[in-house]
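Heads up: the sequence lines are chains A and B, in that order.
First residue of the first sequence? That's 1 in this note's numbering, and the numbers climb one at a time after it.
First residue of the second sequence? That's 1001 in this note's numbering, and the numbers climb one at a time after it.
A hint or two may mislead.
For the chain A half of the interface with chain B, some residues (derived, Cβ under 10 Å), not all of them [unchecked claim]: (1) Phe-564; (2) Leu-606; (3) Asn-609.
Some chain A residues flagged as far from chain B (calculated, every beta-carbon gap over 12 Å) [to be verified]: (4) Leu-306; (5) Arg-422; (6) Thr-438; (7) Tyr-520; (8) Asn-526; (9) Arg-607.
Calculated from the model, a selection of chain A residues having no Cβ within reach of chain B, i.e. all distances over 10 Å [unchecked claim]: (10) Ala-126; (11) Leu-176; (12) Glu-213; (13) Gly-274; (14) Ala-321; (15) Arg-333; (16) Lys-359; (17) Ala-385; (18) Gly-403; (19) Ala-414; (20) Asn-477; (21) Ile-527; (22) Ile-566; (23) Arg-567.
What the hints contain is simulated information worked out from the structure, not anything from laboratory work.
Where a beta carbon is used, it is the ideal one built from N, C-alpha and C, also for glycine.
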Amino acid sequence: MDKLEQFKKTFFQECDELLGDLESRIVALRQEGVGAEPLHAAFRAIHTIKGGAGMFGFHRLVAFAHLFESVLDQMRSGHIAAGDDAIAVILHAADILSDLVQAARSGEGLPEHHDAEAAEQLTRLAGLDRAPAAKNEQEPQVSSGPGRYRIDFRPHPQLLRRANEPLLIVRQLRELGKLAVTADLSRLPAFSALDPTQAYLAWSFELETEAGELAVRRIFEFVEADCDLTIAILGAAPAKVPAKPAASALRQNRRVASIRVDLDRIDRLVNMVGEIAIVQAMISQQTDQKLAVSHPQLVQEISQLLQLTQTLQDSVMAIRAVPVGSLFARMPRLVRELAAAMGKKIELETAGEDTEIDKTVIEELGDPLLHMVRNAADHGIETTAERLAAGKPAQGTIRLSAGQRGGQIVIEIADDGRGLDRDRIKRKAVERKLIPDTAEMSDEEITNLIFLPGFSTAEKVTDISGRGVGMDVVKRNIQKLGGRVSFRSEAGKGSKMAITLPLTLAILPGMIVKAGRNDYVIPLPNIIECLQTKPSQVNSLPEHGEVLHFRDGYIPLVRLGAVFNIRGAAFTPNPLAIVVDDENGNTIAVAVDEIAGQQQVVIKSLRENLDPIAGLAGATVLGDGKVALILVLSELLDLHRNRRSGRFPLNQAASIRPGPARLIA
Amino acid sequence: MNARSMLKEPAGGSAYSFEGAATGTFQCVAFTIGGHHYCIDIMSVREIRNWTGVTELPNTAEFMRGVINLRGIIVPIIDLRARFGQGLIEPTPSHVVVVVAIGDRLHGLLVDSVSDILTVKRSDIAPIPETAGQSQSPLLDGLITQGEQMLAVVALERLLDSGAEAIAQTMRTLDQAPHEEFSNTVTAA
């Protein structure tokens, strides 16, 4: 990639962040009012986008951003009231800005009129509201007629450090009209004392131009904060231009230094730290009582190393964590557009944007979340008429929140809509032959129907939702991330969907079990109970295999040795059973040979060098350097059933890549 | 993490695709399995280590012995003897695992021992004679003569080819070792 492309890529990445930020700032603006930090932040965001866009020659983007920026600027100076109408215009403008950025990125042209309406709205906002105030303040400061100006320009060393060139400014001024330049050399030291990084020169210009003061000021736009600048209409008293607060705030922002790092590098780091932790564990295991007596110093240092390693591991994990806010930022627009398309009034509230989640999870979470919000807006919230008839406020609310609860991240999407119509769901399920019409089902079971593939209650398929690719996909995606989805709903009052995710994808609390000579890891959160069965508890049914009498019922007993075909696994009549929730709503007992302990395991991918293997989520390396395989509980019952029915799934596990290998052959 | 990024950059996957082809020489690592001599392209070899045991994978082909931890990367181990249909190796600590890059994946090949590193003229690699019942996807690329010895050049890419053979073979193994299940069978009264 050439340098320019690289810069461009960075620019667009930055744009994404800024736009996400912008959205939330504008929403905050409505709550906190003008003059507050959100407005400055919004201004900064747009200003930065404008600057970058100018650099790469995205003129349309620059023009729009400039208009946008000036409206915000006037809002900041109190010339435009931040009323609901103004906010609506600004929100819409933010959407258009985001479209323009996307268009610039993809290189596709947008239709001419795409930004026209928003631009017009902005212009009107700027024009109409400014009219009364303009006369006493705006006009004299920014005159647009021809005139003579005296400009005193004294650069700070900062200006040079930011790679601005006074000469270019002089040239630009000269293009405006007749220019007389006087250089002030008074501060220039003797040559021997000259520090080339300092700014010693100052200039006075006298400019005769037709262009107007605004054009003159624009030349100094990017250096204003880094110089002493006075621009005076000749004859009038020089007015000092205050340094823009935005510019100084921008500088502060930059000081919170951050760098972009390739995720690959971080993964490598995480991996290596994981390895160190393992070696550390090995060393710790060897420090026994005897060593403590013979080498007390050594043992002490080893324990210190242990602490350091743990801190290191935590810090490295923290690198991968990003605030969930970037994910939420996409939602307001979605809700706005959906509400407009469906003629509903919907407000989106968000909370807990600062909650941090593993970067990989964030990426995978985007689509499911989008889907759930869409569902809430489409199925959950009623039309305004329906809401009023039900005695609810006309405006529906969708609440999106994130938070950390006991080592897990919980993301909730709640709406105050109509809730689940369980009768209708059941009717639909029967219609689609997903369940027999005689089925007796609890409320919870009916709720779970929405997670069935191909299920949708929408009366007609819209482009918003209702195509039946839905909740099952959401659930599967979340499960893939090691999370769960739960759904609660009360008819008439609304629904709440909760996604529970592990804090990090990289580490899993697990129980280490043995079968044959191999070690396996069962995710701890899924374990309900571990028990030593009695022979009388285990029975075998024709066609169903073994079942275990557990609490008041019978649950399938899946022997790990059997479903995994493990050489040398024990087959006792009273196996050790781990009772687990298999994430598909089943409680199953997994029979193993031995329980070896509990520990946090660093998850390693098997995919790197192998094709997927049924029943395995990944692997980890134990303290003794051995590999343990992490189980996917949701696949065990299938393996068990297939085995019973003689359909033995053989994994293509010679790590066969079907495509290229064939071509060579 | 990508295995490539950590280990030395492979110069190419196939035996005939890199500089050796230009200079006309072929460098290979020679090893033995059950008294037979084989060799693989040296450019594919990442490291050679002793057998230390594996963790077995469920429901995989017989030749897939399991996985090992290679400095944080999980690497599958292929029993080359079993892959050639000659039964499993009974590995001891003196058996050797040759870690190779095939495409962008790492694999360990379990062999009896590594014997030599050879440089031969590319033109000295003889084709495999046509024999009856030749496989659709031959596992060998050619033959090299070294003094009295014949070495077969292993076609690495095709080691991972599934082929009906491997599956059929595994099905046989599964049939041979059915699990005895204890049962207090409930008979319908």
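Tested hints:
A distance limit of 10 Å between C-beta atoms decides the matter here; for Phe-564(A) the minimum to chain B is near 3 Å, and the interface restraint holds. Annotation: interface hint on Leu-606(A) holds; nearest CB of chain B at approximately 6 Å, less than 10 Å. About 4 Å separates the beta-carbon of Asn-609(A) from the nearest beta-carbon of chain B, less than 10 Å, and the hint is met. With a minimum CB-CB distance of about 19 Å to chain B, Leu-306(A) clears the 12 Å threshold, and the non-interface call stands.
Distance check on Arg-422(A): its Cβ is at least 36 Å (rounded) from any Cβ of chain B, clearing the 12 Å threshold; non-interface status holds. The claim that Thr-438(A) is not at the interface with chain B holds, since no C-beta of that chain comes within 12 Å of its own (minimum 24 Å). Under the 12 Å C-beta cut-off, the non-interface status given to Tyr-520(A) relative to chain B is violated; the minimum distance is some 9 Å. Even its closest Cβ contact with chain B, about 19 Å, leaves Asn-526(A) beyond 12 Å, as expected for a residue assigned away from the interface.
Not every beta carbon of chain B lies more than 12 Å from that of Arg-607(A), the smallest distance being close to 9 Å; the non-interface claim is violated. The non-interface label for Ala-126(A) is consistent with chain B: the shortest C-beta to C-beta separation is roughly 52 Å, beyond 10 Å. Consistency note on Leu-176(A): stated as away from chain B, and its beta-carbon is indeed over 10 Å from all of that chain's, at 54 Å minimum. For Glu-213(A), the non-interface assignment is confirmed: its Cβ lies about 57 Å from the closest Cβ of chain B, beyond the 10 Å cut-off.
A Cβ of chain B approaches the Cβ of Gly-274(A) within 10 Å, the least distance being about 6 Å, so the stated non-interface status is violated. At roughly 19 Å from the closest C-beta of chain B, the C-beta of Ala-321(A) stays outside 10 Å, upholding its exclusion from the interface. Its beta-carbon lying about 36 Å from the closest one in chain B, Arg-333(A) satisfies the requirement of being farther than 10 Å from that chain. The Cβ of Lys-359(A) lies farther than 10 Å from every Cβ of chain B, with a closest approach of about 15 Å, so its non-interface assignment holds.
With a least CB separation of 56 Å from chain B, Ala-385(A) remains clear of the 10 Å interface cut-off, as annotated. Non-interface status of Gly-403(A) relative to chain B is upheld: no Cβ of that chain comes within 10 Å, the nearest being about 31 Å off. Residue-level check passed: Ala-414(A) sits 39 Å from the nearest beta carbon of chain B, beyond 10 Å. With a closest Cβ-Cβ approach of about 23 Å to chain B, Asn-477(A) is found to remain outside the 10 Å limit, as its non-interface label requires.
Distance check for Ile-527(A) against chain B: the nearest CB is about 20 Å away, which clears 10 Å, and the non-interface claim stands. For Ile-566(A), the shortest C-beta to C-beta distance to chain B comes to about 7 Å, within the 10 Å cut-off, and the non-interface label is violated. Its closest Cβ contact with chain B, about 7 Å, brings Arg-567(A) to no more than 10 Å, contrary to its assignment away from the interface.
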